[in-house]
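Generate coordinates for the entire structure from the input sequences, incorporating the hints supplied.
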Amino acid sequence: MTRVAGLDIGSTATKCVMMEDGRVIASVVVPSMPDMRVAAERALRECGAEGIPVLTTGYGRALYEARLAQVSEITALAAGVGFVAPVAATVVDIGGQDSKVVRVEAGKVVDFAMNDRCAAGTGRFLEVMSRVLHIPFEEFDAVACDEVEPLPVTSTCTVFAESEVVGLLSARHPPARILKGVLTSVCGRVASLGRQVGVKAPVVATGGTMYSQAVVRALSNALGVPVAVPAAPQFVTATGAALLCARRVAADVAAAAV
Amino acid sequence: MVADRLDAVADDPIAEARSRAALEGRALGLGLSSYFPLEVFDAFGLAGVRMLPRPMDGYPQADGVLQAFACAPVRSMLETLLQADLPIGLVGSTSGCDAVTTVPGILNAAMPSLPVVSLRLPIAVESEAADRHATLALLDLCRETEAILGRPLDLGVLETAVVDREAVRVRVGNLFGRLPTRDIPASRAYAAAIAAQVMAPRAFLALCDEVFPADAAPTGTDGIPILLSGELVPSVQWIRDLESLGAAIVSDDTNTGTRDAGRRVRRDPPNRLKAIAESLMHRPVHSPERFVSGRPRGVAARAREAGVKAAILLHYKFCDPSAFEAPSLVAALKEVGIPSLVLEVDRQITMTGGDRTRVQTLLEALP
Amino acid sequence: MIKLRANKRLQTTIRNQVLWTRFGSKIGRPVAWVTSGSPVEIVLAAGFIPFYPENHAAICAARGMSQDLAEQTEAEGYSRDLCSYFRVDVGSQISGRTPLGHLVPPDVILVSNNICGTVQNWFRVTAERFNVPLLFLDTPFNDAAPTEADVAYVREQLVHIAAEVARLGGRRVTEDRLSKVVLRSRDALELWAEVLAMAAERPAPFTSFDAFVHMAPIVSMRGTRRCISYYRALRDEVRERMKAGISSVPDERARVVWDNIAIWPVHKQLKKLFEQYHVSLVGDTYTSAWTVEHLEPEDPFTSLAKVYTDIILNHGAAHRVKVLSNMVRKFDATGFVLHSNRSCKRYSLGQFGVKTAVSSATGATGVVVEADMADPRSVSFEHLQQRLVPFFETLGASG
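If you're matching them up, the sequences are chains F, C and H in order. Heads up: the first sequence is residues 1 to 258, going by the working numbering. Heads up: the second sequence is residues 1 to 367, going by the working numbering. Heads up: the third sequence is residues 1 to 399, going by the working numbering.
Hints in this document: simulated from the structure, not taken from any laboratory. Just so you know, even glycine gets a beta-carbon here, dropped at the ideal spot from N, CA and C. Hints may contain errors.
[To be verified] Facing chain F, a subset of chain C residues (Cβ under 7 Å, in silico):
{"hint": "1", "residue": "G353"}
{"hint": "2", "residue": "T361"}
{"hint": "3", "residue": "A365"}
[Said to hold, decoys possible] Here are the simulated lysine-lysine pairs, DSSO-like style, with alpha carbons at most 27 Å apart:
{"hint": "4", "chain 1": "F", "residue 1": "K108", "chain 2": "C", "residue 2": "K309"}
{"hint": "5", "chain 1": "C", "residue 1": "K309", "chain 2": "F", "residue 2": "K200"}
{"hint": "6", "chain 1": "F", "residue 1": "K200", "chain 2": "C", "residue 2": "K334"}
{"hint": "7", "chain 1": "H", "residue 1": "K8", "chain 2": "H", "residue 2": "K271"}
{"hint": "8", "chain 1": "H", "residue 1": "K330", "chain 2": "H", "residue 2": "K272"}
{"hint": "9", "chain 1": "H", "residue 1": "K271", "chain 2": "H", "residue 2": "K3"}
{"hint": "10", "chain 1": "H", "residue 1": "K272", "chain 2": "H", "residue 2": "K8"}
{"hint": "11", "chain 1": "C", "residue 1": "K334", "chain 2": "F", "residue 2": "K108"}
Here it is, written out as structure tokens:
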């Protein structure tokens, strides 16, 4: 009976997943800022995962020094999806600072694409627009419901898009339609990342933004295929890290036995 | 440690250029592209130095004269020039990509007192007309330089400089030739390639003799063998970062120093300038005809020969020539079973978190 | 506001051109895809039908198709930072979607680097897609006027290109044939220059917003008789307007000059904004690039070599300052707009310095606006408005 942890130190949130015998037994999320190192320790503590083997991933993966190993968040994401949605062929993850489209097979990366430094197509873009529109993330689903027709927001540069949205607001367009346009734009940008690797069904979407059904629908529209969201979309990468950790521990044990 | 000296030069090539000018009591002749023949500047009594991107925190001066959609190397070069703290005798540019082409105009507007000459090399390689025109362009450049500096080209010095500079290129080429056997770490080879652009040729050769003795035991590293393609390495630190992620560069395609390592100046014809001009015409530029005739396949073949497991294309954001060739290179590599990754380096000259993730994922995904 | 009658005529002319291209290729005339700065006269003299991918991209952009097409090209791994005309045009090749019905494939491709280095790569990619020969004309970038050596070098290449197009399915390009085409080009260029020059009148009977649209034939039909008759009619109409004192912009209150390509995704909105503020866009460095002088039918190869090496984009910033300053003076403008076009580095990098220099040379006020000629994702009309309105107000214009 071995307990292991996966720690996903992301740019906005740090997620910890603890596993035992191939089952998730605890998970927590804490904000990464202002100090990722502190956040990492706090997440482990709150998860009850202190003193067990930890595999880190995410933007701050190198910051937690007592780790067993570290892998990139894309490798961890693929492993996590292999566990929570083994049939998935493509994973779309919209994170705080970056978004990625990963082609996967049996929990392994086949090909991947990640956004460049510009914030278009990331959670950051949504955050900025949510502020401009005065619509908090939690209200996205209520506001951007099915009946609302999106207004096109064409600029993808965050600064340009912000002034475009301000322009639409001052022209008295309904915020709900603008929000829908913003979602279409973000997901369109992610879809174009997807075209670089080829989106193959079934598609699974992960990341904290997928708690919003409106985002999921917009993504599905942009990709032109249905998108499934696992139960805890924010924890898939950390789960993958925990799995890889368990594998690493098992390999070490086997090696020691030899 | 002599190796420390090499690293110090490579980590701040501009500082080396400055101290070299002070030591030699000569003003700098700065070549803005890989193809500027520094031997000509040497022969005019300047300390010929290649302008390289260097790590900097920001580009306050350059951002004032250059829009956002220009690559970091051009921005970094402009920033260094605009800071105006280098003893510059003359700046030499060559025809090149659209961004480089605009640099002399930008410099003239921002620093009217800084003398800039342009070597208007033909782009269409492999024709007699082009070779002829290259010679005329080099003659024009010499005339212009003479007028600006008020002194003639010293043919004796030119002879020596041609020989010394070629010895430097041969040495750099040889160092990279040792990468496949992992005799030396790639970061050291790139350090030498960078140092070769700024040091006095003979000082460079002497330093190389010490850092890379012929009878040394291999000091190479482990790591997954990769090919690195690109134009300029952002810094030696960038290469070290790549190595720290578990990659071992065993083959290089046209990065700093290796891009012109193969240039050879013929010794037989009596006209030395003609020989220099013609040597420049066989550069691996992005001539459309030559590209069609097989650059992607050539890179793939080289990668295969070196036994690499993956390729990294180090491209600068907003670099058009690189961006145009990326899909063809990726496809050609894929055809021979080599996965590749295009990294777009932006304003940061050390590796970003996103790029670490990309590289690490590439290496982790290898079978 | 009285619309130009030529607007209708333009549509018919373009449609006929498209039909002619299609028909010509069906009956076996060879087709050459060429850059806007190519010596198309040689191709015409050889009996080829020319097709202009840049023009095509502009049409796609003006019709609102550009984002969709660009994304096709991006999906093949081409960076979004590359020229949007390239991405739009190749996207059309990939998807087969075009406002022209369908594209007539090339038998040969002719590209010159006199307008930018980008076309070199763009047309190389296209040549590979269609697996056709690529002819390349290298025109040395100029600090000043092209030297004799430059002209000789370019001339030698032109002679070679003429031989190649003849070999690749065309007629032999005799000096005599070439002279005739050159003469027709010259006539059209002179008419176009006449049209543009009339914007110097107060009020301006014709603006650059009109010119951006009516330039299509001078780019893609020069060297033909239809091109001459098109511009003769346009010249007559604009002259009529001038004599009748018809202003292109109601109650003209300020006059402004433009640098760089149009911003196609918001072209109409921008035109309206200028009208709303009573500002006439009286001249621009783009459409006037097709008003070259000294195109001579005698010794046509040499003349073409000179003209095609000397065009504005083959010069550095100092030349641009001169051209813009002259334009500000000639058109009696008090302001100038520099479109910092993300897609066109050759045309845009260095505009900050150009702005300062033109201002100090002419006393006119300049403004730099960030946009893109074809990619709506890099254009924000609100951003443009935020820059332009205060600029107009500085010039004494108000909405």
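Provide an ascending list of the numbers of those earlier hints which the structure does not satisfy.
none
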